[in-house]
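Chains as they are written, first to last, in my numbering: chain X, 1 to 505; chain V, 1 to 99; chain S, 1 to 501.
Hints are supplied without guarantee of correctness; some may be wrong.
Claimed, not checked - Pairs of lysine to aspartate or glutamate, EDC-like flavour, derived with a Cα cap of 20 Å:
1) K66/S <-> E83/V
2) K91/S <-> D380/X
3) K145/S <-> E83/V
4) K470/X <-> D250/X
No lab work stands behind these hints, which were simulated from the structure alone.
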Amino acid sequence: MSWVHKSAAELADALAAGEVTSVELTQAHLDRIAAVDGDVHAFLHIDAEGALAAAAASDARRAAGTPASGPDGVPIAVKDVLATIGQPTTCGSKMLEGWHPPYDATVVAKVRAAGMPILGKTNMDEFAMGSSTENSAYGPTRNPWDLDRIPGGSGGGSAAAVAAFEAPLALGTDTGGSIRQPGAVTGTVGVKPTYGSVSRYGLVALANSLDQVGPVTRTVLDSALLHEVIGGHDPLDSTSIPGAPAGLVDAARQGASGDLSGLKVGVITELAGDGWQDGVMTRVQESVELLERLGAEVVEVSCPHFVHAMAAYYLILPAECSSNLAKFDAMRYGMRVLPDGVASPSAEEVMKATRDAGFGAEVKRRIILGTYALSSGYYDAFYGQAQKIRTLIIRDFDAAFEQVDVLVSPTAPTTAFPIGEKADDPLAMYLNDLATIPANLAGVPGISVPAGLAAEDGLPVGLQVLAPVKADDRLYRVGAAIEAALEKEWGGPLLAQAPALEETR
Amino acid sequence: MPAISREEVAHLATLARIDLDDTDLDHLAPQLSVILESVASISGVAGDDVPATSHPIPMTNVFREDVVTPGLTPEQALSGAPEVEQQRFSVPRILGDEQ
Amino acid sequence: MTETLMAFDDVLASFDPALGLEVHVELNTNTKMFCGCGQDFGAEPNTLVCPTCLGLPGAMPVVNGKAVESAIRIGLALNCSIAEWCRFARKNYFYPDMPKNFQTSQYDEPIAFEGWMDVTLPGDDGDETFRVEIERAHMEEDTGKSLHVGGATGRIHGADYSLVDYNRAGIPLIEIVTKPIRGAGERAPEVARAYVQQLRELIVALGVSEARMDRGNLRADVNLSLAPKGSDALGTRSETKNVNSFRSVERAVRFEMQRHAAILAAGGSILQETRHWHEDTGITTSGREKSDAEDYRYFPEPDLVPVAPSREWVEELRGTLPENPTVKRARLQADWGFTDLEMRDTVAAGVVGLVEETVVAGAAPQAARKWWLSELARRANDNGVEISDLGVSPAQVAAVQALVEAGTINDKLARQVFDGLLAGEGEPAEIVEKRGLAVVSDDGALSAAIDTAIAANPDVADKIRDGKVAAAGALIGAVMKEMRGQADAGRVRELILEKLT
Ligand SMILES: [Mg+2]
Ligand SMILES: [Zn+2]
Numbered sequence: 001m002s003w004v005h006k007s008a009a010e011l012a013d014a015l016a017a018g019e020v021t022s023v024e025l026t027q028a029h030l031d032r033i034a035a036v037d038g039d040v041h042a043f044l045h046i047d048a049e050g051a052l053a054a055a056a057a058s059d060a061r062r063a064a065g066t067p068a069s070g071p072d073g074v075p076i077a078v079k080d081v082l083a084t085i086g087q088p089t090t091c092g093s094k095m096l097e098g099w100h101p102p103y104d105a106t107v108v109a110k111v112r113a114a115g116m117p118i119l120g121k122t123n124m125d126e127f128a129m130g131s132s133t134e135n136s137a138y139g140p141t142r143n144p145w146d147l148d149r150i151p152g153g154s155g156g157g158s159a160a161a162v163a164a165f166e167a168p169l170a171l172g173t174d175t176g177g178s179i180r181q182p183g184a185v186t187g188t189v190g191v192k193p194t195y196g197s198v199s200r201y202g203l204v205a206l207a208n209s210l211d212q213v214g215p216v217t218r219t220v221l222d223s224a225l226l227h228e229v230i231g232g233h234d235p236l237d238s239t240s241i242p243g244a245p246a247g248l249v250d251a252a253r254q255g256a257s258g259d260l261s262g263l264k265v266g267v268i269t270e271l272a273g274d275g276w277q278d279g280v281m282t283r284v285q286e287s288v289e290l291l292e293r294l295g296a297e298v299v300e301v302s303c304p305h306f307v308h309a310m311a312a313y314y315l316i317l318p319a320e321c322s323s324n325l326a327k328f329d330a331m332r333y334g335m336r337v338l339p340d341g342v343a344s345p346s347a348e349e350v351m352k353a354t355r356d357a358g359f360g361a362e363v364k365r366r367i368i369l370g371t372y373a374l375s376s377g378y379y380d381a382f383y384g385q386a387q388k389i390r391t392l393i394i395r396d397f398d399a400a401f402e403q404v405d406v407l408v409s410p411t412a413p414t415t416a417f418p419i420g421e422k423a424d425d426p427l428a429m430y431l432n433d434l435a436t437i438p439a440n441l442a443g444v445p446g447i448s449v450p451a452g453l454a455a456e457d458g459l460p461v462g463l464q465v466l467a468p469v470k471a472d473d474r475l476y477r478v479g480a481a482i483e484a485a486l487e488k489e490w491g492g493p494l495l496a497q498a499p500a501l502e503e504t505r
Numbered sequence: 001m002p003a004i005s006r007e008e009v010a011h012l013a014t015l016a017r018i019d020l021d022d023t024d025l026d027h028l029a030p031q032l033s034v035i036l037e038s039v040a041s042i043s044g045v046a047g048d049d050v051p052a053t054s055h056p057i058p059m060t061n062v063f064r065e066d067v068v069t070p071g072l073t074p075e076q077a078l079s080g081a082p083e084v085e086q087q088r089f090s091v092p093r094i095l096g097d098e099q
Numbered sequence: 001m002t003e004t005l006m007a008f009d010d011v012l013a014s015f016d017p018a019l020g021l022e023v024h025v026e027l028n029t030n031t032k033m034f035c036g037c038g039q040d041f042g043a044e045p046n047t048l049v050c051p052t053c054l055g056l057p058g059a060m061p062v063v064n065g066k067a068v069e070s071a072i073r074i075g076l077a078l079n080c081s082i083a084e085w086c087r088f089a090r091k092n093y094f095y096p097d098m099p100k101n102f103q104t105s106q107y108d109e110p111i112a113f114e115g116w117m118d119v120t121l122p123g124d125d126g127d128e129t130f131r132v133e134i135e136r137a138h139m140e141e142d143t144g145k146s147l148h149v150g151g152a153t154g155r156i157h158g159a160d161y162s163l164v165d166y167n168r169a170g171i172p173l174i175e176i177v178t179k180p181i182r183g184a185g186e187r188a189p190e191v192a193r194a195y196v197q198q199l200r201e202l203i204v205a206l207g208v209s210e211a212r213m214d215r216g217n218l219r220a221d222v223n224l225s226l227a228p229k230g231s232d233a234l235g236t237r238s239e240t241k242n243v244n245s246f247r248s249v250e251r252a253v254r255f256e257m258q259r260h261a262a263i264l265a266a267g268g269s270i271l272q273e274t275r276h277w278h279e280d281t282g283i284t285t286s287g288r289e290k291s292d293a294e295d296y297r298y299f300p301e302p303d304l305v306p307v308a309p310s311r312e313w314v315e316e317l318r319g320t321l322p323e324n325p326t327v328k329r330a331r332l333q334a335d336w337g338f339t340d341l342e343m344r345d346t347v348a349a350g351v352v353g354l355v356e357e358t359v360v361a362g363a364a365p366q367a368a369r370k371w372w373l374s375e376l377a378r379r380a381n382d383n384g385v386e387i388s389d390l391g392v393s394p395a396q397v398a399a400v401q402a403l404v405e406a407g408t409i410n411d412k413l414a415r416q417v418f419d420g421l422l423a424g425e426g427e428p429a430e431i432v433e434k435r436g437l438a439v440v441s442d443d444g445a446l447s448a449a450i451d452t453a454i455a456a457n458p459d460v461a462d463k464i465r466d467g468k469v470a471a472a473g474a475l476i477g478a479v480m481k482e483m484r485g486q487a488d489a490g491r492v493r494e495l496i497l498e499k500l501t
């Protein structure tokens, strides 16, 4: 097995044992990117030079016996919504084409401080709006399981990069499922940490009260490793919670031993039924039975207000994003477009022309929707009411976690659908996030782990596990347990069943 | 919930500073109506006794010490600007007044 | 366009004015409201900026605790209640000098609300007190500054393009809003002026702002409406923006009263709009119409958590408040031994604090009063600046007075020292030195001048020799002229009498 097929934990061990250098690992991944990314299009920018320089510095630290962290030297890919010095940050939008931030996002700074070479920036739906990565202004990313299908979104680039073995690790962001849903449809692992436990400083905000940065990996243990690198309090983010995540790697290792006795698991009643693909439900049901076999007690739990989560989300998110995206106005950075046929256009006319040319259809839809939801006369009925629903959803979670330790559901209602299928049907697209949205509204952490392949199409299915606020360790315990048990059944990782990508040069 | 009219969309687009043409408006108005119809299902779900949640994790009083920290150099600050003059951001003529 | 105005007295015969004042105070914190950038009025453009105050994608705000403290202290000094829990809100509108295209402000949950300030106006039968009710004081951030290029005037209208400097963007502002001030009648313009003047005094006493109107540290917006005399209803108001001196506040109110009245009397109606104040011509002109379409789409700022000042903290801050200016004024009058009239003039001239500081710096109260009220008030008026912005400090005034008392200079020479201070020639002693102003006390030089004067005026000398000592004045005048004023007149007199009697 080549280096690119190994997990980040294995690579860290190999580096520590002196079996490989970071330069070799980084070059191997750059080679893999060169070979397959023409088809997958997971990356918007590749920084070979920067990554190799960081790798060389890492090797020097190893040689001196002073590695910066456990995963020092393990390369990583970064979603293009995070500010990076020395690499463009476009958010998948024409609006920011070629924009080089003069500062690093806190998570990027932490990754650098840990000594991890950054391979490049991954593709995404424009400004993280979408569930398929078809809304990228730079063309869609393709699902490594089937290049004609979507890799999920908005973080389809990060998920596809790890699924296609272009990177062992990636950073994603999750506002309504943008880490977990791509994880589910690409057969990878994705974690949305507790809101406020990972800094948002330098994350170009979609919806500030929902956004969270998290790990995108192939194994549960790798997510725990990366989560410990990026987590912790940041004085630059006022919503950052005190303390640092601890015990996540331990929880993953403990979970992998396969004993879940004493654990109470709740299956969410509302996240099932019509509209949920049979093959998805079957695999999730089997996973739940597996949890029972591992010693967990399983009960059904109702969260009655979850049925309103999507509506609340599609008011809160557009409202916040309509305000966040106002800064893209052609005055200080980014694109500037002069209106046609206007001799001496005013600032206002230039703003309007630029925002028309620079934003894609989905972004415009949400800005208009959010502007509407916040306008006087509509605020109470829309935004105000949505924020109340949010309270009810938090109460549902509180009540559920009185009864159980974790909640489970399918991550997404369906497997990956063909590119183009839902492109101009926003409502159908929004349904992809049905199961992931409640966690964002309430701030609770969630993970998606591979649950197998749907019988009808042979495509990956994700199991979502949700835990109470600040109990992210439970995700790793349960996630690692189910991963270990399923891999025993499958005889190896789910991704081993993915068709091999053609390597071209 | 009433459907959103083409004129309303045009007004919102002006508020949001997006220059939508007729084709955009024709396309967007019915789409937004469908979305609004769908999200309107929340009306009446939460009563007056339910407080609104603006921040998912309740915290208060996150303050910074009043101590200067290094910022950007003017070169960094202006590095992304479409136009620069006299170490300032050059912007097209401003029509309206300050608020 | 010239506006038709109604004579001021006629306005009051038919209408009752309602005033509203919105004052923005720039805090003198070391750093900005939401980032660690410093503030410096004279800094080179775009040198005090960071991702946050430039509104770069991904940057986030963090509240300056000191600014919250200042906001609470201002609120308490204005007798406001302090919110137990409040949030920041986004005020959404597009403007090139506002980097995020929303201003982080407060909306329906201000940090301070429901207060008052008693404004003192001199009246024919002693001082009159007018209570101005404060609706709210809230925290927000300042915008950048634009330089308008091209066009005739350098003004925004007609400019070809603008150049923006974001050094000022994000500086903490406290916006203090009054409730409608009614019942002031003919004194409305004075009430407006006295309110802003007293508010500034309070801000200075709190030490929370430089409060220099000429630098925009303190900016006043004047709202005015008229109602038919005796009516309870509020008329349509105009908002005159950025009226940047005490005198202008008074003049703007007066102008708007006269303008509104003329329109209403002619059967017209007032347009709800913002207006611009023109310092040079003393008029307002139409700005932006406030349409119903204007919609700031406020919502709670998700990137900032609520502010919930503990009652302990609030009480601790209450303990740091300076003495109430009204009480303080009575105390100072007693300490200084001023008559009611003297004190009133001192207050009216807005120099109580300056006199106080001058006394603290060592000058006698009457002397301090004399310099500020006569010499310096006149110069401020001539230069068209607030007296506090004249460029002469209380310590310098005290130093000048000390030189007078030591006999180094006399009152007349002191005026030249003030000239020197205004010209930036240094401290008083240096100026005396450089300009050669010291009184000549060298008896030799004086004696020679006196001999010359006696020789030139034998008749006068004879009169003095005959015992008509009062005639000495003419000789003293001649000597002083000869010495170009730089002599101690008392000593000259002594020497003349010595020589002739
Ligand atoms: Mg304001
Ligand atoms: Zn700053």
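Next pair to validate is K91/S with D380/X; report whether the Cα-Cα distance is within 20 Å. 17 Å, holds
CA of K470/X to CA of D250/X, is that 20 Å or under? It holds: about 16 Å lies between the C-alpha atoms, which stays within 20 Å.
Measure nothing beyond the straight line between the CA atoms of K145/S and E83/V; if it is 20 Å or shorter, mark the hint as holding. With Cα atoms ~17 Å apart, K145/S and E83/V stay inside 20 Å; holds.
Is the straight-line distance between the alpha-carbon of K66/S and that of E83/V 20 Å or less? 36 Å, violated
Checked against the numbered hints given earlier, the structure breaks only hint 1 and satisfies all the rest.
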